[in-house]
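Please model the entire structure based on the sequences and the hints provided.
Residue numbers (the working numbering), protein chains in the order written: chain D, 19 to 428; chain Y, 886 to 1001; chain R, 228 to 706.
Some hints could be false.
Said to hold, decoys possible - Think about it this way: if two alpha-carbon atoms lie no more than 16 Å apart in a straight line, the pair counts; the simulated EDC-like pairs of lysine to aspartate or glutamate are: (1) Y/Lys890 x D/Asp219; (2) D/Lys256 x R/Glu507; (3) Y/Lys959 x D/Asp219.
Please keep in mind that the hints were generated in silico from the structure rather than gathered at the bench. As the structure is a computational prediction, the values presented were derived from the model and not from experiment.
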Amino acid sequence: MKADVVVVGAGPAGLAAAIAAKENGADSVVVIDREERPGGILRQCIHNGFGLHVFGEELTGPEYAARFIDKANALGVRFLTETMVLNISPDRVVTAVGPETGLIAIEAGAMVLAMGCRERSAGALMIPGSRPSGVLTAGTAQRFVNIEGYMPGREAVILGSGDIGLIMARRMTLEGAHVKMVLELMPYSGGLKRNIVQCLDDFNIPLKLSHTVTRLHGRKRLTGVTVAAVDESGVPIKETEEYVPCDTLLLSVGLIPENELSREAGVEIDPTTNGPVVDSHLQTSAPGIFACGNVVQVHDLVDFVTEEATRAGRAAAQFLKETSACGGWKTIAGRGVRYVVPQTLCGDGEDKTLFFRVSGVYRDCFTVARCGDKVVARKKRPICTPGEMERLTIKGADICGDITVTVEGV
Amino acid sequence: MEMRKLTCVVCPLGCAITAEVEGGKVLNISGATCKRGEAYAKTELTDPRRMLTTTMRVKGAGLVPVKSSAALPKALLMPSMEVINAASAQAPVRPGDVLIADILGTGVDIVATDRA
Amino acid sequence: MIYDVAIVGAGVTGAMIARELGMCDLSVCVVEAEADVASGASRANSGIVHAGFDAQPGTMKARMNKRGNEMMPEVTRELGVPFEECGSLVVAFGPEEEKQLDILADRGMANGVPVKRMSGDEARRMEPVLSRDITAALWAPTGGIVDPFSLTIGAMENAMSNGVTLYLNSRVTAITRTDGIWELFAGDNRIRAHWLINAAGVYADDISRMAGGESFNIRARRGQYVLFDKSMPVRTKSVIFGVPSDRGKGVLFSPTAHVNMIAGPTAEFVDKEDHDTTREGLQEALAGVQRYAPAVDARYAITVFAGLRAMPESHDFIIERSKSAPGLVNVAGIESPGLTSSPAIAEYVKELLEEAGVRLDPKPGASRIRRPIERFSEATPERQRELIAMDRRYANVICRCEQITEAEIVESIHRPCGAKTVDGVRLRIRAGAGRCHGGFCMPRVMAILARELGRDIDEITKSGAGSWILDGRIKEGTR
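Shown next as structure tokens:
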């Protein structure tokens, strides 16, 4: 089987990329997804807040996804659902398997990787104590509650104040659970302020910053957790230990871009973002393989995923017509900046937008992009936090070398 | 007269707002750095409202995600959940279908956000 | 019905004995307290097949280790269990520790185990990640690694396909003997047998006493482990040990049969119900391996766990026909090198029964071969198509990280001693053992278990009674 563009993942990134590929001239566009229906993680994100930038409305996850699914169907995008991609070869042959198609190989003119993220698991935290049931990641809990229709427990503690943890604090409470507290290792919350108010304050759920879980209790099912305050290095302070009875511990402790297939395709991965190194056209180090969405960098707003994916889909379609060699300059994460995407900039003279995350909470500062010593972009920021992705746009003519992004004037 | 404190959620600045509230009316707002923040504080302190998103049972077809057609009074969130959880919809359900009209007399509907 | 032999304990020892006796024309049963086989130390150990150089010459441990090591390639082939003779490397830091290497080398020779002394540089050439502070090493080429759960389940499946009966969830609470017949009160069961084989792990002392056998004491010695993701770049090909101390073999750094690296075990005395990991213990395991390979990075950890060694006071295996209780065979204190020794122990127990006059005619039709569940992910594309044509469920990948299909999960449920729990599926077929550790596939695995076992999804547990996962359907109140 052959296709002009093969997209891996029918979540918001894959959907927007497929639509953009079609709209920019790709004839046959195939989107492969392991679920029965497209929409990706949006299907279980039944809360609203999606689409404020793209549609000027606040939609729920399923509604946001539906806009793109309908458009994709209208454009003739082909969906292979309940299909798992097993392997991507460096020359873009996609091996996939599913109950309807059996084992198939698709030769792709161009590819877009849009596999999203997985959640950091409980085991990865190395929490001492027992290994009972009742410890699960917030996303898996969300799946149980919103798709399968089962409660993971009734007396919950949540570790991690990222948005997924906050959303689940509210969801569990609405469905009758008692969420006793949300713990956050850092001295600041990783989630949107709005979610703190609407998910925690509204339900009188305490948020304990600079806290963590130091022990799990319960031989078969969780019976409680020991919680403790942590010092500036994140080390638990023994004297502050407190036992909290509970039967459920939800973890919202990090998202990891899912790049196993990318690695197998020989795509270069950035160890800081854990996503592919991409250029300003979202092309990876493998020609004709593009990447977008959470698989490249963990986003906070789906609207920006859509924007990024649209660029990737367009670039994939253009690749079919002319192979764009990018080469050119690198972006560098300087002082106060954790990472910058794209990691390389094409010397095509076009304006470039750099997306980055800062490594701490900074108030009254500037985000600055420099080419050598010359400042090529600068933005005044009343506040920057690691939880909100930042951007700077640079004029094409100003790109004379590697670009360093920093936080200054703090 | 009561002094109330809240954090504005309209933009990432998260201004700490203080307001004087008396008899259900906001007399004075300080700490907001823009008009949107002031407006948020006003409504939040006198008539806090929230959108409700949840799921509802569909006979023979599992669950369908739903939302309130407009923001509900905050105090009616849990009572609305009880009404929704006691109800069930009939398949097929289409996005936009009104599954419960005028919940608890609020004039707000509970509307499907997906098909089932 | 009166069994010829009842074995208490379905760890690797009990399973191997069951397998051996299952080849004979005997009625055999295994009685296990927990919800699955290998619920104790057999599930939570390093998976090392010890070369056998370090056991005290003349001990039962030395004898069983050597014989078990010899038998392991064939046993694992017969049972279709992953095994690799990757070699063991004991590393020394400085002259004091080098003296320990000499002692081990001597013991190796006395035990007839091939060992070779190496310099620190030679060791680093073999294993580039090793610390520059290592001054010398001892290489034992016949050391290896095996998957301990697979070995146990493989042996038990083989035993059951040859007619052995397994009673799970059947903790033995009392034992009586009347007219030469044992009666075990085990859960809801009353099991009668002519011979009683005590392979009850940390509880073997209790079982022996219940049966009127010898009074020995087994102490639980906990070992804690850290398991790393396959992608951790700091790897070794062989098993890295430090020099032993009075606390035991010490922390080791080893590949597992599944390609992950493992660090551990620690050693602390605990009570027999304490399977917890501790902050200090996990730090000790990490620090221990970072001493051998400084670049080991804790951020690659995917899980931690602890196992309890059944430590005998005498420090040697107790494998003997009881003198105070005729008809009882004690197989106790099977701590390290218990896993390695297990096939040899089974062979030896069979000899003990034979010496006691038990008739051990071969059972007609019994086979030593057990085929493992075929892995879709390891098949060629042609074979994958064949499998899909045979059973469409091979086309439905459930565990994305390990590429395990619905057909394999279903098979793991319906085999003899099949999976009944989420952990049971993971241990048998690896679904949920990969990098996301069940985050994606757990709901699906539970749905398959529920369907295949005719249960509701909220009755499916993690590891047996009490470890419920879901508390009822939403909107319907609690369980």
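Now the hints, each set against the structure:
Among the hinted pairs, Y/Lys890 with D/Asp219 is consistent with the structure: their alpha-carbon atoms are about 12 Å apart, no more than 16 Å. In summary, the hint linking D/Lys256 to R/Glu507 is supported, as the alpha carbons are separated by about 13 Å, within the 16 Å threshold. Between Y/Lys959 and D/Asp219 the alpha-carbon distance is near 12 Å, which keeps this suggested pair within the 16 Å criterion.
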